[in-house]
Amino acid sequence: MAWNFICLVIGYFCGCISSGYIVGKIYHIDIRDKGSGNAGTTNVLRTLGKLPALLTFAGDLLKAIIPVLIIRLALDTPDGWYLLCLYMGLGVVLGHNYPFYLKFKGGKGIAVTSAVILSTAHPLVILAGLLIFIAVVAVTRYVSLGSLFVAWYIPANTIIFYRENPLFIHMIVVSLLFTAFAYFQHRQNIVRLLHGSENKLWGNK
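As numbered in our numbering, residues 36 to 240 make up the sequence shown, in order.
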């Protein structure tokens, strides 16, 4: 239990490295004052363009992938590393969403959640998840809707591959927290989706 907490705390401070905020400052703006007010990749893309968005996305991926991979390399069995990786990843999501030095105003956690998926999930889950995300966004042009699908990939991976694990209940509870935080951070997007007023990736609402 102590290691779970330690991973959560370390993950939080890794997550507090706000790529969107840093990229915004490079371009002499506070990204939280622009567009949706979010410090994530989508708002950077709409506000500053493709290259800044790519830098933001890469930074958000790395701040989750690196600590999670360190756990995987340190522990050589799934029973040992998977739960700790989930705690580390959840900490990164919390730090990304609620960085203490930015008055707890950060991103929505989808990029870092994707990084946790890339670092922990079975390759088939990663491939299927990527195809689903691309299909949803291509058909609807709603990045937020695709993101809400992404929020279920970690629980899906846990159910499919760890349901026989003695720690399964613990694992699925932590996995579902990724989903819960994603939906909470997207609550305004969900309302706009229901009312047909959500911003599309390109074109009109």
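Watch out, some of these pointers could steer you wrong.
Unchecked claim - Cβ-Cβ distance ranges computed for the label pairs, FRET-style:
| id | residue 1 | residue 2 | range |
| --- | --- | --- | --- |
| 1 | V174 | N200 | 27 to 37 angstroms |
| 2 | L202 | L162 | 22 to 32 angstroms |
| 3 | D68 | I204 | 38 to 48 angstroms |
| 4 | K235 | K69 | 14 to 24 angstroms |
| 5 | I225 | A173 | 14 to 24 angstroms |
| 6 | L228 | L166 | 38 to 48 angstroms |
| 7 | L165 | G70 | 24 to 34 angstroms |
Stated by the list, open to error - SDA-like mimics (lysine to any residue), calculated; alpha carbons at most 20 angstroms apart, straight line:
| id | residue 1 | residue 2 |
| --- | --- | --- |
| 8 | K235 | V174 |
| 9 | K69 | L86 |
| 10 | K85 | Y136 |
| 11 | K69 | R81 |
| 12 | K69 | Y136 |
| 13 | K85 | D65 |
| 14 | K235 | R81 |
| 15 | K140 | I52 |
| 16 | K140 | A88 |
| 17 | K235 | G70 |
| 18 | K60 | V174 |
| 19 | K140 | G94 |
| 20 | K140 | K235 |
| 21 | K138 | Y47 |
Calculated directly from the structure, the hints in this document are not laboratory data.
Computed from a prediction, not measured in an experiment: that's the story for all the values here.
Glycine residues also receive a C-beta, built at the ideal position from the N, C-alpha and C atoms.
Evaluation of the provided hints:
1. V174 to N200: 27 to 37 angstroms: For N200 against V174, whose Cβ atoms are near 35 angstroms apart, the range 27 to 37 angstroms holds.
2. L202 to L162: 22 to 32 angstroms: Taking Cβ atoms as reference, L202 and L162 lie about 26 angstroms apart, which means the hint holds.
3. D68 to I204: 38 to 48 angstroms: Distance hint for D68, I204 holds at roughly 43 angstroms.
4. K235 to K69: 14 to 24 angstroms: 18 angstroms, holds
5. I225 to A173: 14 to 24 angstroms: At 20 angstroms between Cβs, range holds.
6. L228 to L166: 38 to 48 angstroms: At roughly 21 angstroms between Cβ atoms, L166 and L228 fall outside 38 to 48 angstroms, so the hint is violated.
7. L165 to G70: 24 to 34 angstroms: 25 angstroms, holds
8. K235 to V174: 11 angstroms, holds
9. K69 to L86: 17 angstroms, holds
10. K85 to Y136: 27 angstroms, violated
11. K69 to R81: 9 angstroms, holds
12. K69 to Y136: 19 angstroms, holds
13. K85 to D65: At roughly 17 angstroms apart (the allowed maximum being 20 angstroms), D65 and K85 satisfy the hint.
14. K235 to R81: 10 angstroms, holds
15. K140 to I52: 12 angstroms, holds
16. K140 to A88: 18 angstroms, holds
17. K235 to G70: 13 angstroms, holds
18. K60 to V174: 34 angstroms, violated
19. K140 to G94: 17 angstroms, holds
20. K140 to K235: 23 angstroms, violated
21. K138 to Y47: Judged against 20 angstroms, a Cα distance of about 14 angstroms means the pair holds.
Hint check: violations occur at hints 6, 10, 18 and 20; the rest are consistent with the structure.
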